[in-house]
Each structure stands twice: as C-alpha cells, then as structure tokens.
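Number of protein chains: 2
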Amino acid sequence: MNNEELTFESYMAAETAKVEAALARILPAGWDVPEELRAAMGYSLMAGGKRLRPLLVLAAAEALRGSKEAALPVACAIEMVHTYSLIHDDLPAMDNDDYRRGKLTNHKVYGEALAILAGDALLTHAFHAAAQAYRIHGVPAEQVLNIMDDLAVYAGACGMVGGQAADMLGEQGLTRLEDLQYIHTHKTSDLIVFSLLAGGRIAGANEKQLQALESFGYAIGLAFQIQDDILDVTGDEQKLGKPTNSDEKQQKVTYPFFIGLEASEARVRELTLEGKQVLLAADFPRPERLLQLADFLMRRDH
Amino acid sequence: MNNEELTFESYMAAETAKVEAALARILPAGWDVPEELRAAMGYSLMAGGKRLRPLLVLAAAEALRGSKEAALPVACAIEMVHTYSLIHDDLPAMDNDDYRRGKLTNHKVYGEALAILAGDALLTHAFHAAAQAYRIHGVPAEQVLNIMDDLAVYAGACGMVGGQAADMLGEQGLTRLEDLQYIHTHKTSDLIVFSLLAGGRIAGANEKQLQALESFGYAIGLAFQIQDDILDVTGDEQKLGKPTNSDEKQQKVTYPFFIGLEASEARVRELTLEGKQVLLAADFPRPERLLQLADFLMRRDH
Numbered sequence: 154m155n156n157e158e159l160t161f162e163s164y165m166a167a168e169t170a171k172v173e174a175a176l177a178r179i180l181p182a183g184w185d186v187p188e189e190l191r192a193a194m195g196y197s198l199m200a201g202g203k204r205l206r207p208l209l210v211l212a213a214a215e216a217l218r219g220s221k222e223a224a225l226p227v228a229c230a231i232e233m234v235h236t237y238s239l240i241h242d243d244l245p246a247m248d249n250d251d252y253r254r255g256k257l258t259n260h261k262v263y264g265e266a267l268a269i270l271a272g273d274a275l276l277t278h279a280f281h282a283a284a285q286a287y288r289i290h291g292v293p294a295e296q297v298l299n300i301m302d303d304l305a306v307y308a309g310a311c312g313m314v315g316g317q318a319a320d321m322l323g324e325q326g327l328t329r330l331e332d333l334q335y336i337h338t339h340k341t342s343d344l345i346v347f348s349l350l351a352g353g354r355i356a357g358a359n360e361k362q363l364q365a366l367e368s369f370g371y372a373i374g375l376a377f378q379i380q381d382d383i384l385d386v387t388g389d390e391q392k393l394g395k396p397t398n399s400d401e402k403q404q405k406v407t408y409p410f411f412i413g414l415e416a417s418e419a420r421v422r423e424l425t426l427e428g429k430q431v432l433l434a435a436d437f438p439r440p441e442r443l444l445q446l447a448d449f450l451m452r453r454d455h
Numbered sequence: 154m155n156n157e158e159l160t161f162e163s164y165m166a167a168e169t170a171k172v173e174a175a176l177a178r179i180l181p182a183g184w185d186v187p188e189e190l191r192a193a194m195g196y197s198l199m200a201g202g203k204r205l206r207p208l209l210v211l212a213a214a215e216a217l218r219g220s221k222e223a224a225l226p227v228a229c230a231i232e233m234v235h236t237y238s239l240i241h242d243d244l245p246a247m248d249n250d251d252y253r254r255g256k257l258t259n260h261k262v263y264g265e266a267l268a269i270l271a272g273d274a275l276l277t278h279a280f281h282a283a284a285q286a287y288r289i290h291g292v293p294a295e296q297v298l299n300i301m302d303d304l305a306v307y308a309g310a311c312g313m314v315g316g317q318a319a320d321m322l323g324e325q326g327l328t329r330l331e332d333l334q335y336i337h338t339h340k341t342s343d344l345i346v347f348s349l350l351a352g353g354r355i356a357g358a359n360e361k362q363l364q365a366l367e368s369f370g371y372a373i374g375l376a377f378q379i380q381d382d383i384l385d386v387t388g389d390e391q392k393l394g395k396p397t398n399s400d401e402k403q404q405k406v407t408y409p410f411f412i413g414l415e416a417s418e419a420r421v422r423e424l425t426l427e428g429k430q431v432l433l434a435a436d437f438p439r440p441e442r443l444l445q446l447a448d449f450l451m452r453r454d455h
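Protein chains in written order, with the working numbering: chain A, 154 to 455; chain B, 154 to 455.
Any given hint could turn out to be false.
Claimed, not checked - Covered stretches of chain B, going by a simulated chain A footprint (3 or more residues, C-beta under 8 Å):
(1) 260-267
(2) 274-280
(3) 284-298
What the hints assert, rightly or not - Using C-beta positions, here's what the derived DEER-type ranges look like:
(4) A:E324 - B:E415: 33 to 43 Å
(5) B:V262 - A:G326: 15 to 25 Å
(6) B:I289 - A:P181: 35 to 45 Å
These are calculated hints, taken from the structure and not from any lab test. Even glycine gets a Cβ: it sits at the ideal position worked out from N, Cα and C.
Build out the structure end to end from the sequences listed, making use of the hints.
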C-alpha cells in the first residue's frame, strides 16, 4: 500500500464516519413517531453499505471548496432515498429478497406493511433533511429549492423509479443493449448524478461546472453499474454478501451478456477515464477526491 | 336550494374543474417514462374523488387575496400525495382492498409491483410539482421551500405515514379515544392542515394567519374524519361507493364506538364551529370560501 492509497483510505474512513454519525442523528430517539416505524426506518438506514452517494455529495462540495458541513444534510437525504428504494425493491411483489448485505431484509423483520411505510417515510423525510441545508446552514433558498426539485426529478418517474419500472417490466424480454443502458442510467446513474449536482449546488457551482459534474456522474454511474454486473459473474460471494451468478440464475440480462466480460471490463476503464477527463477539463479548484473516488469505484471488488 | 347554495355549488364545480385540468397536465403524454408506469400513476390520480385538499389550498390562497394560479401546482402536489397514500393503503399487505370509489384498485389493474412504484413516483413527483410555484409562478423561493419542507413533515413519519403506521399497528388493540385521535390527526388532519398552510404561504400569510389556518385545519380535519366514521355507520352505500359498516366488519374502532353516534354528530358540529370561529377572529380579507367549505364538509353525505 503506498502513501497515496493510505491517504485516500483515511479520507474515506473519516468521511464515512461523518456520514454515519449524521444519519444516526436523523431519526432521533425522542421523535414523536410510532416506535416500530422509527425502528424499521433505522434498521435499513443504519445497515451499512458503501455510503457512495453521500460521499459523492461531500466530494463534489469539496471540489469547489464548499462547506462539507452544509452538504451533510443533503448527503443524508440521498442516502435515505437510496435506502427506501432498496426496501421497496426487496419486497415480495418486487425482487422478493430475504437478505441484503448479509442481514434480513426489512420486510422479513418488520413485515410487509411496515416495510412499505418505512420506505415511504424515508423517501418523504429525505426532503425535510435536504431543507436543513437552508434552515441550519444558511445555503441560499434558491439553491436548496433547486436541490429538492432535482431530488424529485432524479429519484422519480423520469429517474430512478422509471428505471426500476423498466427493469421490472423488461425482466423477461430484454433483447437490446440500449434497453439495458436505459435501466442502468435511471436505476443507478441518476442518483449518482443528483449527488454530484447537489454537492456542486451547495458550493455555488456555475452552469459549466454543473454540466461537468453531470457528465462525470453519468460516466462513472454507468461504469459503476457495469462493474456490478461484472462482479456478479466474477466476484467473491463473501465480499459481496450475496451469491454470485445470481443475475444469471434469475435470468437477468447484464452487460457481460451483451458484449462479453473482457469488453465490459474495458468499458468500465474507458468510462472512468472519460469521466475524469471531463472533470479535469472544467474549472474545479480541488477535484482530487472526486477523481480518486472514480478510480476507487473502478477498482472495487464488492 | 337557495341562491347562496347555488353560488357555492358553482364555485365548487369551477374550482374542481380547474384542479382536474391541472392534474391532467401533470403527467404529460410525451413524458419520457415507461408508459405502463405513467398509466398506473394516471389511473389513480384521475380517478375522481372530492379533491378536497386542492380545494383547500386554493381557498386558503383566496382568503388572503393570493393568486390561485400560483397555488395550483401545490394543489396538484397535495392531491398526488393523497393519491399515493391511497394506492399504498389498498395493497394486499395493507388494507387489501379491491375497489375504491367503485373502480378496481391500482394493484388489481397494474399488479402489486407497479402499484408500489406508481405510489412512490406520485409521492416523489409531488415535490417537483410544488417547486413549479417558484419556477413558473414566481412565488419567492423561501416560501416554496417552506411549503416543500412542510409537505415532507406533514406527509411523513411525524405526519400521515405515522398515522397510517399507528392505525395498522393498533388494528387489534385500540382501547383509548386518545389513540384513535392520534390516528385521525395524523392520517387525515395533517394533510388538511398542510393544504391550508400551503395556500396561506403562497399568498404571503403572516405567522398569526398561519396559526389560525393551522387551528382551523385541525378542527375541520378531525370533524371530517369523525363524519367519515359516522357515514360508515349511517351512510348510503351507493353514494359512498363502498359498503357501510365495513369498519365494524373489519373490527375497526371508530369515533361512534367510543362516544356513541349522537355525541359524535354533536362533536362534528362543535369542531366545525370552533374552526370557523378561529378563522373569523383572524385577519383574513376573504375567508368566505373556507367557511363554506367547513360547512360543506359537515353536511356531506359521502
């Protein structure tokens, strides 16, 4: 391990700890909410994971020398939206999964009805969390309103939910790479792009910078999802926390299915490079962490 | 029918038509969304109903001589949130209802998975709709941000979803009127209060006026829900579009169960009067429509 990697690892550990602490404060114990609902929300929200989206919010703010403190509520918001989508995806009517990250899924612990409501509540509460950037940290109302509006668009029918619906509707008959790319873009990349834009907006990014963040996001978002498809074929079950080849068993069509494993790996490298080049060509005072995150996502084994 | 009633009826018809037209524009045909998802969202959103919450948004704006045009996006937003809650409530894991307003429920037509996603998408899209008050109608960003934040709070775990969870968790063992009141307040009144506050904010209400709208909302909200409980015992099945005594059959505890039918009817009248008095005591230039709506809700037979 060289020094640079060590530095990045310490950075990641510190940022992740910040996010975990902020998330833990988001559903306070004294909250006037039915206790079982709060427990169901907290169970999935605090179940670990890479916290990738919050890290991207913070790194995008840092790229523009913005306040990471002010970006933290929005980092929590996007993680709540991501968590709700996992809870609903795991439901019997959807993917019907019993385990996620080695833990029982929400509905296996709290029952289906409460799992549906916990997801609804996390999604709704995300908008309240985002508003804190204005209320507590004094980010201008216009910027925070834009972030909340973006969240609605990138997480909604035109974004993540649309991707999820297309995935579900196409489960039997997906025959074109474009269709798979539509699903990947909306199911995965849209929230990644949102995270980068939100961090940028917190730091007062201009239009050109927002466009660069968007292009960077779509490039690394697709790379991330192709890498997911690859790991599903080649990965270590222990590290992934789920059986490999599960997509194949479920007859899910993936990137390697269309273009092969080697070409998929090349595509991940290309997309990551493309994304980094876009970022470097734009005027960011401190893009280092974003660039490192892009490499980290490409190299990850789970 | 006297003239005043005729006038109110024409007013209601005109306002409802405005809301229906705005809702119909919210999910445009050319929208880049999987068509079946859009259809599932539209099916429930355009399934009729009283449109009470949107009417309250518009009437609250009118009470302060605010722009009803500017209030319309928020009126649509609250109806989308109300609709999503009905779709999720009707799911097999929740109330397991096959019919609503005489039509098949969403999951009976589109399947459970798409019904869950259509609900998620409507909830998410509501925040985008609300943001239009700023983008298109120029309501100050601070006010619109407050409205979006309110929506997250009143519709979330502390609000509607919390009430729904309490209702579900208490289905077997509800023994105290306070518990029922908690459920009624959050499941029903919170969205009514939100609607009134949002209309007020659009029109630039001051703190005192917002407080009056809140008190008015909690009074007529509870009256509305008690009236629902009463109609469930005494109502005309045809008008209600559902079998009466259904709550009793499902062993749901209602207001008449605790204090009897007559006392429940008296309570509806008292609460309505209380709400109207609060409103009259505050400084509203044109409170007439809100007062008429309160009476209308008390007198309704479905």
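Practice task
Against the earlier hints, flag every one the structure doesn't satisfy and list their numbers going up.
Solution key: Violated hint: only 4; rest satisfied.
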